[in-house]
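> Residue-level listing of the chains:
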Amino acid sequence: MSLINPGFGLIIWMTLAFGILLFVLAKFAWKPIMAALKEREDSIENALLAAEKAQQAMEELKLGNEKLMQEAQIERDTILKEARKLKDVILNEAREKSIMETKNMIQSAREQITTDKNAALAEIKNTIASYSISIAEKILREELKDKSRQMAYAEKLLKETSLN
Amino acid sequence: MAQHDHKNPVDKLEKWQEEIEQEDFKAGEMIIEHITDSYEWHIITVGHTHVSIPLPVMLYDEGEFHFFMSSELHHNNGTYQGYFVSDEGFNSGKLVRKDDAGAEIRPDLDFSFTKNVLAIFFSVFLLGFIFISVANSYKKRKGKAPKGLQSLLEPIIIFVRDDIARSSIGEKRYERYTPFLLTIFFFILINNLLGIIPFFPGGANITGNIGVTGVLAAFTFIITTYSANKNYWVHIVNAPGVPWWLKIPVPLMPIVEIMGVFTKPFVLMVRLFANMSAGHIIILGFISLIFIFGEISQGLGFGVSIVSVGFSIFMDVLEILVAFIQAYVFTLLSALYFGMATEEAHHSSETINH
Chain A
229 MSLINPGFGL
239 IIWMTLAFGI
249 LLFVLAKFAW
259 KPIMAALKER
269 EDSIENALLA
279 AEKAQQAMEE
289 LKLGNEKLMQ
299 EAQIERDTIL
309 KEARKLKDVI
319 LNEAREKSIM
329 ETKNMIQSAR
339 EQITTDKNAA
349 LAEIKNTIAS
359 YSISIAEKIL
369 REELKDKSRQ
379 MAYAEKLLKE
389 TSLN
Chain B
10 MAQHDHKNPV
20 DKLEKWQEEI
30 EQEDFKAGEM
40 IIEHITDSYE
50 WHIITVGHTH
60 VSIPLPVMLY
70 DEGEFHFFMS
80 SELHHNNGTY
90 QGYFVSDEGF
100 NSGKLVRKDD
110 AGAEIRPDLD
120 FSFTKNVLAI
130 FFSVFLLGFI
140 FISVANSYKK
150 RKGKAPKGLQ
160 SLLEPIIIFV
170 RDDIARSSIG
180 EKRYERYTPF
190 LLTIFFFILI
200 NNLLGIIPFF
210 PGGANITGNI
220 GVTGVLAAFT
230 FIITTYSANK
240 NYWVHIVNAP
250 GVPWWLKIPV
260 PLMPIVEIMG
270 VFTKPFVLMV
280 RLFANMSAGH
290 IIILGFISLI
300 FIFGEISQGL
310 GFGVSIVSVG
320 FSIFMDVLEI
330 LVAFIQAYVF
340 TLLSALYFGM
350 ATEEAHHSSE
360 TINH
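If you read the protein sequences in the order shown, they are chains A and B.
Position one of the first sequence corresponds to residue 229 (this note's numbering), numbered consecutively onward.
Position one of the second sequence corresponds to residue 10 (this note's numbering), numbered consecutively onward.
Be careful, since some hints might not be right.
A few chain A residues facing chain B, derived, Cβ under 10 Å [as the list claims (entries may be wrong)]:
(1) Leu231
(2) Phe236
(3) Ile248
(4) Trp258
(5) Pro260
(6) Ser358
(7) Ile361
For lysine-lysine, the following DSS-like pairs were computed, each having C-alpha atoms within a straight-line distance of at most 27 Å [what the hints assert, rightly or not]:
(8) B:Lys148 / A:Lys255
(9) A:Lys266 / B:Lys35
(10) A:Lys315 / A:Lys325
(11) A:Lys266 / B:Lys156
(12) B:Lys256 / A:Lys255
(13) A:Lys373 / A:Lys384
(14) A:Lys266 / B:Lys239
(15) A:Lys259 / B:Lys256
(16) A:Lys266 / B:Lys107
(17) B:Lys181 / A:Lys266
(18) A:Lys255 / B:Lys153
The set of hints was computed from the structure by calculation and includes no laboratory data.
Each residue gets a CB set at the ideal place from its N, CA and C atoms; glycine is no exception.
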């Protein structure tokens, strides 16, 4: 029975001791501990949030970069296309121009050749004419060396002319 | 006994019988002696020398203060200034005096600084030292990971805060009650654990003392009642969701609810007291077996000791578990009562119940 007979003195002392303990621990232990725990939890949470934010920003940046890259690629493609087109145009033009020029050159060469040929022919004709005249002169001189022959020939010529 | 005539055979026989009775091992008495409070702290008995710490006895009786050390009782054959320690009945183990009719009566007030009081002060200083040093290391290592004792206690502190206080009381108000819950948790835990240690300064059965558990339960009761809101009292007087004929004309439910207000702390008191005392009684019972069998024959005593020690170790380990469980249960129930007392009314769910 003595087990369930609480001692009066013990109750008083216990109340006193526990009250003091409660006050002291609440003020000097639990308050700073709770504050420190809360502070640390908050800082951890903030750090996690910041990390998440950074990751999000990174992802956005990555997405932006990809977009930029795509745009650049498209632009490059169009530039290349245009360049190719331009090249074709230039080449064609050049080709046509060169063909024309060649044609012109051939034409002018031909003309030159014809002129030269004509000139040469004329010269040859002239030379041949002058040669034949000089040869004829020489022959005549040879044949008309004496007077009889001269007379005979002149006669012959006269005959021929009068006969006509 | 010195004046007895030793040549008288009858006297000789009486003396011999007395000695036999004195040395007779009484397990029940030994166990009760170990788990109840006492006026001195008995540490060890070597041969016939008792080594114990004398403690101050403070009595207020019939308008007079009596102040003396408990060792005075021994020096004066157990009775000092008319007071002696009763050894039977309701007051056994407590100081009493004989009244005119020869019946044992307690002094009016007994403020004695007993063994349990000393043990309580010891554990209070221990707790204060431990937690203030932990608080200091929190200040010193601000924002850093816990270290040493701090890292041992931090999970328990967080457990009490999150799983007991926050989940039972609610996000809004738990911070007000956390200091009290932490204090009772660690007070009960450390005294439970110290109670398992059989040597000084452990060994005092503090949490197995109904006065101590009563004070703890009273703290819970006072805080619950003090912080109770209107909703709590409305629930007691006019419990919602209960048929009207349970309230009028016989207020059955209000009576049950009002009884519940007092049975809750009462149950807290009895549960802790009974659990801790029971564990100590079982361990002491196993130890007693050794001496009971040892009285029959020494060999049997040694034989039984192997089994008894084995069982005692098992019980000690179980007691460590119980120490944690009881600290947890007491704290959790206190938190639940605080939660009930501060709960806000939610009309929406109540109207559905009607």
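> For each hint, tell me whether it holds in the structure or not.
For each hint, the structure was consulted:
1. Interface hint at Leu231 (chain A): satisfied, since its Cβ lies 6 Å from the closest Cβ of chain B, which is below the 10 Å cut-off.
2. Interface restraint check for Phe236 (chain A): the shortest CB-CB distance to chain B comes to about 5 Å, inside 10 Å, so the restraint holds.
3. The interface hint given for Ile248 (chain A) is met, as the beta carbon of that residue sits about 7 Å from the closest beta carbon of chain B, less than 10 Å.
4. Given hint, Trp258 (chain A) at the interface with chain B, holds; its Cβ is 4 Å from that chain's nearest Cβ, closer than 10 Å.
5. Given the 10 Å rule on beta carbons, the hint for Pro260 (chain A) holds: about 4 Å separates it from the nearest Cβ of chain B.
6. With its C-beta approaching chain B no nearer than about 127 Å, Ser358 (chain A) sits outside the 10 Å limit, and its interface hint is violated.
7. At about 132 Å, the closest approach between the beta carbon of Ile361 (chain A) and any beta carbon in chain B exceeds 10 Å, and the interface hint on this residue is violated.
8. In summary, the hint linking Lys148 (chain B) to Lys255 (chain A) is supported, as the alpha carbons are separated by about 14 Å, within the 27 Å threshold.
9. Distance restraint check for Lys266 (chain A) and Lys35 (chain B): the Cα-Cα separation of roughly 55 Å exceeds the 27 Å cut-off, and the hinted pair is therefore not satisfied.
10. Under the criterion of a C-alpha separation no larger than 27 Å, the hint pairing Lys315 (chain A) with Lys325 (chain A) is consistent with the structure, at around 15 Å.
11. Note on Lys266 (chain A) and Lys156 (chain B): the hinted pairing holds, with a Cα-Cα distance of about 17 Å set against a maximum of 27 Å.
12. The suggested pairing of Lys256 (chain B) with Lys255 (chain A) is violated, with an alpha-carbon distance near 45 Å, which exceeds 27 Å.
13. About 16 Å separates the Cα atoms of Lys373 (chain A) and Lys384 (chain A), which keeps this hinted pair within 27 Å; it holds.
14. Annotation: proposed proximity of Lys266 (chain A) to Lys239 (chain B) is violated, straight-line Cα distance about 31 Å (limit 27 Å).
15. For the suggested pair Lys259 (chain A) and Lys256 (chain B), the alpha carbons sit about 45 Å apart, so the restraint of at most 27 Å is broken.
16. Taken as a hint, the Lys266 (chain A) and Lys107 (chain B) pair is broken in the structure, with Cα atoms around 60 Å apart against an allowance of 27 Å.
17. Among the hinted pairs, Lys181 (chain B) with Lys266 (chain A) is consistent with the structure: their alpha-carbon atoms are about 15 Å apart, no more than 27 Å.
18. The suggested pairing of Lys255 (chain A) with Lys153 (chain B) holds, with an alpha-carbon distance near 22 Å, which does not exceed 27 Å.
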